[in-house]
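Construct the entire structure; sequences and hints are all you get.
These protein sequences, in sequence, are chains A and B. The numbering of the first sequence is our numbering, which starts it at 41 and goes up by one. The numbering of the second sequence is our numbering, which starts it at 403 and goes up by one.
It is worth saying that the hints were derived from the structure and are not from the lab. The beta carbon of each residue, even a glycine, is placed where N, CA and C say it ideally should be.
Computed Cβ-Cβ distance ranges for the label pairs, DEER-style: (1) A:LYS79 with B:ASN433: 14 to 20 angstroms; (2) A:ALA174 with B:ASN433: 16 to 22 angstroms; (3) A:ASP53 with B:LYS446: 53 to 59 angstroms; (4) A:LYS173 with B:GLY421: 17 to 23 angstroms.
Which residues of chain A face chain B? A partial, calculated answer using Cβ under 7 angstroms: (5) ILE144; (6) THR167; (7) GLU168; (8) MET170; (9) VAL171.
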Amino acid sequence: MVKKQQMLSGNGDVLTTREAAKYLRLTLPTFYRYMWEGKIQASKIGGRYRFKRSLLDRWLGKKSEAEEVSGRNKLVGKVSTIKRDLIMAQVNLDVGDNKITAVITRDALDELGLRVGDTAVALIKATEVMVIKAQ
Amino acid sequence: MKLSARNQYQGVVTRITEGQAMAEVAVRVGNLEFIAAITEGSVKNMGLKLNDSVLVAVKATEVMIGK
Numbered sequence: 041m042v043k044k045q046q047m048l049s050g051n052g053d054v055l056t057t058r059e060a061a062k063y064l065r066l067t068l069p070t071f072y073r074y075m076w077e078g079k080i081q082a083s084k085i086g087g088r089y090r091f092k093r094s095l096l097d098r099w100l101g102k103k104s105e106a107e108e109v110s111g112r113n114k115l116v117g118k119v120s121t122i123k124r125d126l127i128m129a130q131v132n133l134d135v136g137d138n139k140i141t142a143v144i145t146r147d148a149l150d151e152l153g154l155r156v157g158d159t160a161v162a163l164i165k166a167t168e169v170m171v172i173k174a175q
Numbered sequence: 403m404k405l406s407a408r409n410q411y412q413g414v415v416t417r418i419t420e421g422q423a424m425a426e427v428a429v430r431v432g433n434l435e436f437i438a439a440i441t442e443g444s445v446k447n448m449g450l451k452l453n454d455s456v457l458v459a460v461k462a463t464e465v466m467i468g469k
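So this is what it looks like as structure tokens:
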């Protein structure tokens, strides 16, 4: 028990499935579901799953920022260019091989403190996505 | 037809989930997937099917940025 406590409070360590679920304060079934959905990254060592605490921490951080928004389209990319005028700003993101352009207000840009090279998420509500069938 | 939308991607329909009024259409663009919620009528009008080649368009002002 003492040994277990020490393990849980250590830094940069490796957790078992049970410990990882406890660390995230999730029930085991919920934790497994997140695992199968690929939300939580696991490593299999000798037939057993092990979890790096730093990866769980990163997952927690990510969840609070992007995953709690209902938008169906979340594209994580890097800011490639920013064009700005007094009222509006055009932000271009590189998302893999694709580019996405957003036009946001100058106020929003300044509030985000967005710079070229930053990692950012482009969010698009599904009802704003048009589908055009090729002729 | 030429469109002014800044975001236009050529893709393939990978999933269509039809509801009463709306349909959810998933379009694969390279290694990205776009989800579009369009009316059931639009799906019928276009005769949209799985594996159809489609264009996905989003006006730049409809894109939110999060950091």
